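From first to last, the protein sequence lines are chains A and B. Convert by adding 1 to the 1-based position in the first sequence; the result is the number in this note's numbering. Convert by adding 4 to the 1-based position in the second sequence; the result is the number in this note's numbering.
Treat the hints as calculated values from the structure; they're not laboratory data. Errors might be hidden in some of the hints.
Just the calculated beta-carbon pair ranges, DEER-fashion [as the list claims (entries may be wrong)]:
#	chain 1	residue 1	chain 2	residue 2	range
1	B	45	A	189	11 to 21 Å
2	B	55	A	18	20 to 30 Å
3	A	20	B	62	22 to 32 Å
4	B	17	A	169	42 to 52 Å
Rough simulated footprint, nothing fancy, chain A against chain B, three-plus residues with beta-carbon under 8 Å [to be verified]:
#	segment
5	38 to 45
6	77 to 87
7	91 to 103
Here's a subset of chain B near chain A, in silico, CB distances under 7 Å, partners left out [said to hold, decoys possible]:
#	residue
8	7
9	22
10	34
11	60
12	107
None of the values given here were measured: they were computed from a predicted structure. Note that the Cβ used here is the ideal one computed from N, Cα and C, for glycine as well.
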Amino acid sequence: MHIPDGYLSPATCGLFGAIMIPIWRRASRAVKKTLSVRQVPYLAIGAAFSFVIMMFNVPIPGGSTGHAVGGVLVAILLGPWAACIAVTVALVIQALLFGDGGITAIGVNCFNMAFVLPFVGYYVYTLISSDSPSGSGRRVIAAGAGAYVGIGAAALCAGIEFGLQPILYHTANGQALYSPYGLNVAVPAMVLGHLLVFGWVEVIVTALVVKYLQKQNSVFFKGERS
Amino acid sequence: MTLNKKLWIGIGVLVILSPLGVILPDQFKAGTAWGEWGLDEIQMMTGYVPQGFSRLSELWKAPLPDYAFQGWKGKDLFSMSFAYIISALAGIATITGVVLLIGKVLVKEHE
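Okay, chain A solo, but in the shape it has when bound (with noise of 0.2 Å):
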C-alpha cells in the first residue's frame, strides 16, 4: 500500500501532504494531552510493531504481495491519534531509508495507513467492544474487525487514489501521465487483495497482541470498564 514516486501526480500528492498537516498538529496535541511519559516507551515500541509488521509480505500464489499495518492495534492501545504519530514515523523511515513509498508520497500514504487505518479501525473496536469488560472475548473479536475494517478502508482510499490519476491526467492521445490503471482496475485490486489476504495478518496479529495483554494486565485498557 506504500505508493512510489511518479504514481501520483504531484497536484494530487500536494493536496494530501496539505490534508495531513492539520491532523499531524491535531496528533501532537491530542498525544501532549493524553499520553503520560511512563507511556511514550510504548508508542516506540508501537511504532517499531508497526515498521516490521510491515516488512513482512504475504505472496499471492503467481501474483502480487502485501503486508498488514499494525496500525490498528497501536490505536486500540495507545489511541487513535498516538497511532497516527507512529505509523507516520514508521512511514517517514520506510520512505527515507528504505525506498518503500514516495518522498511526495509520504502525505497520501499517511493519509490511508496512520489516519483512515487507525481511526476506522479504532471507531469500529469501541462500536462493537462498546462497554464489554476489558477481559472479555468481546474486545477480542472487535480488535479483529476493527483491523480488517481498518485496513479494507485503507486499502480502498489507496485504490480510489490510483484510479483517479489516468482519468485527470494523460495525454491527448489517452496516454497516462501517472498512474496508468483506472478505478474498475486499481480498487479491486487493492481492496480485494486486502479483504482476502493481506488483511486477515492485521485481523491475527491484532486480534492475538489484544487477548495477549488482557491476560498481562489492563494499562492499556484503563478508563475502560473492567
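Given the coordinates of chain A, assemble chain B onto it according to the supplied hints.
Same frame as chain A, now just chain B:
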C-alpha cells in the same frame, strides 16, 4: 519481567522472523505489490512508460533500497534475508530514536 521488556522481546522475535517477508513471496512466485512496480515493469505491463512517472519515479535514492544494500538486487535468498534483518534493526533503531525524541518534546509530566 516488565511488560515493556516483554514487548521488546516480541519485536525481536518479529525481526528474526522478518526474512519470511522475502522468502515466502519467492517460494510462491509472487511479484511486486500492486501499484509499486518499477519503470521496466510498467513498460512491460502497459507498453509504455507514463511521462510523469518516468520524471518522478527515480527522485529519491534510498541508502538501503528495498531493505537491502545498494546493488544487492537479485542476490540469493540467504544474502537478502541477512540484509532484511539488518534493515529491520536499522529501521527500528531510527524509529525508536525519533519517537523518543518526539515524546521528549511533546510529553511533559502532567501531575
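Taking the hints in turn, this is what the structure says about them:
About 20 Å separates the C-beta atoms of residue 45 (chain B) and residue 189 (chain A), a value consistent with the hinted range of 11 to 21 Å. Between residue 55 (chain B) and residue 18 (chain A), the C-beta spacing of about 22 Å keeps the proposed range 20 to 30 Å intact. Remark: the range hint 22 to 32 Å for residue 20 (chain A) to residue 62 (chain B) is upheld by a beta-carbon distance near 26 Å. Look at residue 17 (chain B) against residue 169 (chain A): about 44 Å separates their beta carbons, and that is inside 42 to 52 Å.
Given a C-beta distance limit of less than 8 Å, the hint that chain A covers the segment 38 to 45 of chain B holds, as 3 residues qualify and 3 suffice. Counting residues of the segment 77 to 87 of chain B whose beta carbon lies closer than 8 Å to any beta carbon of chain A gives 0, which falls below the threshold of three, so the coverage claim is violated. Given as covered by chain A, the segment 91 to 103 of chain B passes the check, having 10 residues with a CB less than 8 Å from a CB of that chain where 3 are the minimum. The beta carbon of residue 7 (chain B) comes within 6 Å of a beta carbon in chain A, closer than 7 Å, and the hint placing it at the interface holds.
At about 5 Å, the closest approach between the beta carbon of residue 22 (chain B) and any beta carbon in chain A falls short of 7 Å, and the interface hint on this residue holds. Nearest Cβ of chain A to the Cβ of residue 34 (chain B): about 3 Å, under the 7 Å cut. The hint holds. The closest approach between the C-beta of residue 60 (chain B) and any C-beta of chain A is roughly 4 Å, which is under the 7 Å cut-off, so the hint is satisfied. The closest approach between the C-beta of residue 107 (chain B) and any C-beta of chain A is roughly 3 Å, which is under the 7 Å cut-off, so the hint is satisfied.
Hint 6 from the earlier list is the only one contradicted by this structure; the remaining hints agree with it.
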